[in-house]
Amino acid sequence: LERLGDFFDSWQHDTQRATKSWRAAALQFSNEPAEINDSRRLYERVLSTAPSDSLSATRLVELSAAAGDWLGAAGAFDSLLRSVPHAQEVCELLLLLEPQATTPEACEQFVALVDAARWQFGNALGSYTLRLAEASARVLAGAGRHEHRAAWPHARAAG
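1096 is the number that the numbering used here gives to position 103 of the sequence shown; each next residue is one higher, with no gaps.
Treat each hint with caution, since some may be false.
[What the hints assert, rightly or not] With a straight-line Cα cutoff of 25 Å, these simulated SDA-like cross-link-like pairs (lysine to any residue) come out:
1. Lys1013 / Leu1048
2. Lys1013 / Asn1030
3. Lys1013 / Ser1047
4. Lys1013 / Pro1044
5. Lys1013 / Glu1025
6. Lys1013 / Ala1060
7. Lys1013 / Asn1024
8. Lys1013 / His1079
9. Lys1013 / Leu1074
10. Lys1013 / Pro1092
11. Lys1013 / Ser1076
12. Lys1013 / Glu1098
13. Lys1013 / Arg1075
14. Lys1013 / Arg1034
15. Lys1013 / Ser1045
16. Lys1013 / Thr1042
17. Lys1013 / Pro1026
18. Lys1013 / Glu1082
[Said to hold, decoys possible] With beta-carbon atoms standing in for the labels, derived distance ranges:
19. Gly1119 / Pro1026: 31 to 41 Å
20. Thr1008 / Gly1119: 33 to 43 Å
21. Glu1085 / Gly1135: 12 to 22 Å
22. Ala1060 / Gln1113: 17 to 27 Å
23. Arg1131 / Asp1031: 25 to 35 Å
24. Thr1008 / Ala1134: 38 to 48 Å
25. Arg1131 / Thr1042: 30 to 40 Å
26. Gly1115 / Leu1064: 24 to 34 Å
Simulated from the structure, these hints should not be mistaken for laboratory data.
Every residue, glycine too, gets a C-beta built ideally from N, C-alpha and C.
Produce the entire structure from the sequences given, and follow the hints as far as they go.
Structural data, given as structure tokens:
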């Protein structure tokens, strides 16, 4: 499927069919633990030709965070924020990532992702405002950091 995508891209100049093939190959690779890096590479390739592909951005965030590459997750998350019109998908993804934010780097990146979502969607977060603030507080507390906990009551008032 990857080679088929290469053919569509190089010879046919059909990026839509190429990204569809690369996405399908990435999905197949993501089912094999030894092939996760290939899956991530293909999702990155999809996003380089179709930056508004929210499905690929979401999968790349998930795979990067699971691999401990929180900087890679942050880059894919930026693509997701630019492509997703509604806050719910982003918020649900963040809540799924919370348990993986166990290292100091992961903690910092997770909180930065939550802050980016709060900045992007503002009041459109609705009830997610409090849930995300609580998730950030739990991650920070788990890492022994408490400097963001002061923002928690403000989130409660906004939610």
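Structure-based check of all given hints:
1. A hinted pair counts as satisfied when its Cα atoms are at most 25 Å apart, and Lys1013 with Leu1048 qualifies at roughly 11 Å.
2. Restraint check for Lys1013 and Asn1030: the C-alpha separation of about 19 Å stays at or below 25 Å, so the hint holds.
3. For the hint pairing Lys1013 with Ser1047, the CA-to-CA distance comes to about 13 Å; that is within 25 Å, so the pair holds.
4. Pair hint Lys1013 plus Pro1044 holds up; C-alpha atoms about 13 Å apart against a cutoff of 25 Å.
5. With a CA separation close to 19 Å, the supplied pair Lys1013 and Glu1025 stays within the 25 Å bound.
6. For the hint linking Lys1013 to Ala1060, the alpha-carbon distance of about 24 Å falls within 25 Å, and the restraint holds.
7. A distance of roughly 17 Å separates the Cα atoms of Lys1013 and Asn1024; the hinted pair therefore holds under the 25 Å criterion.
8. Of the supplied pair hints, the one linking Lys1013 and His1079 holds, its CA atoms being roughly 23 Å apart against a limit of 25 Å.
9. A hinted pair counts as satisfied when its Cα atoms are at most 25 Å apart, and Lys1013 with Leu1074 qualifies at roughly 21 Å.
10. Distance hint between Lys1013 and Pro1092 is unfulfilled; the C-alpha atoms sit about 31 Å from each other, more than 25 Å.
11. A hinted pair counts as satisfied when its Cα atoms are at most 25 Å apart, and Lys1013 with Ser1076 qualifies at roughly 17 Å.
12. Our distance criterion of 25 Å between C-alpha atoms is broken by Lys1013 and Glu1098, whose separation comes to about 33 Å.
13. For the proposed pair Lys1013 and Arg1075, the alpha carbon gap of about 20 Å is at most 25 Å, so the pair holds.
14. Of the supplied pair hints, the one linking Lys1013 and Arg1034 holds, its CA atoms being roughly 14 Å apart against a limit of 25 Å.
15. For the given pair, Lys1013 sits about 13 Å from Ser1045 by alpha-carbon distance, which is consistent with the 25 Å threshold.
16. With a C-alpha separation of about 11 Å, the suggested pair Lys1013 and Thr1042 falls inside the 25 Å cut-off, and the hint holds.
17. In summary, the hint linking Lys1013 to Pro1026 is supported, as the alpha carbons are separated by about 22 Å, within the 25 Å threshold.
18. Note on Lys1013 and Glu1082: the hinted pairing holds, with a Cα-Cα distance of about 21 Å set against a maximum of 25 Å.
19. A hinted range of 31 to 41 Å for the beta carbons of Gly1119 and Pro1026 is consistent with their spacing of about 37 Å.
20. Thr1008 and Gly1119 have their C-beta atoms about 36 Å apart, which keeps the hinted 33 to 43 Å range intact.
21. About 21 Å separates the C-beta atoms of Glu1085 and Gly1135, a value consistent with the hinted range of 12 to 22 Å.
22. Under the hint 17 to 27 Å, the C-beta atoms of Ala1060 and Gln1113, about 24 Å apart, fit the expected range.
23. Roughly 33 Å separates the CB atoms of Arg1131 and Asp1031, a value that falls within the hinted 25 to 35 Å.
24. For Thr1008 paired with Ala1134, a C-beta distance near 45 Å keeps the hint of 38 to 48 Å intact.
25. For the pair Arg1131 and Thr1042, the supplied restraint of 30 to 40 Å holds, since their beta-carbon distance comes to about 37 Å.
26. Distance hint for Gly1115 and Leu1064: a CB-CB separation of about 25 Å, consistent with the stated range 24 to 34 Å.
Against the hints set out earlier in the document, violations occur for numbers 10 and 12.
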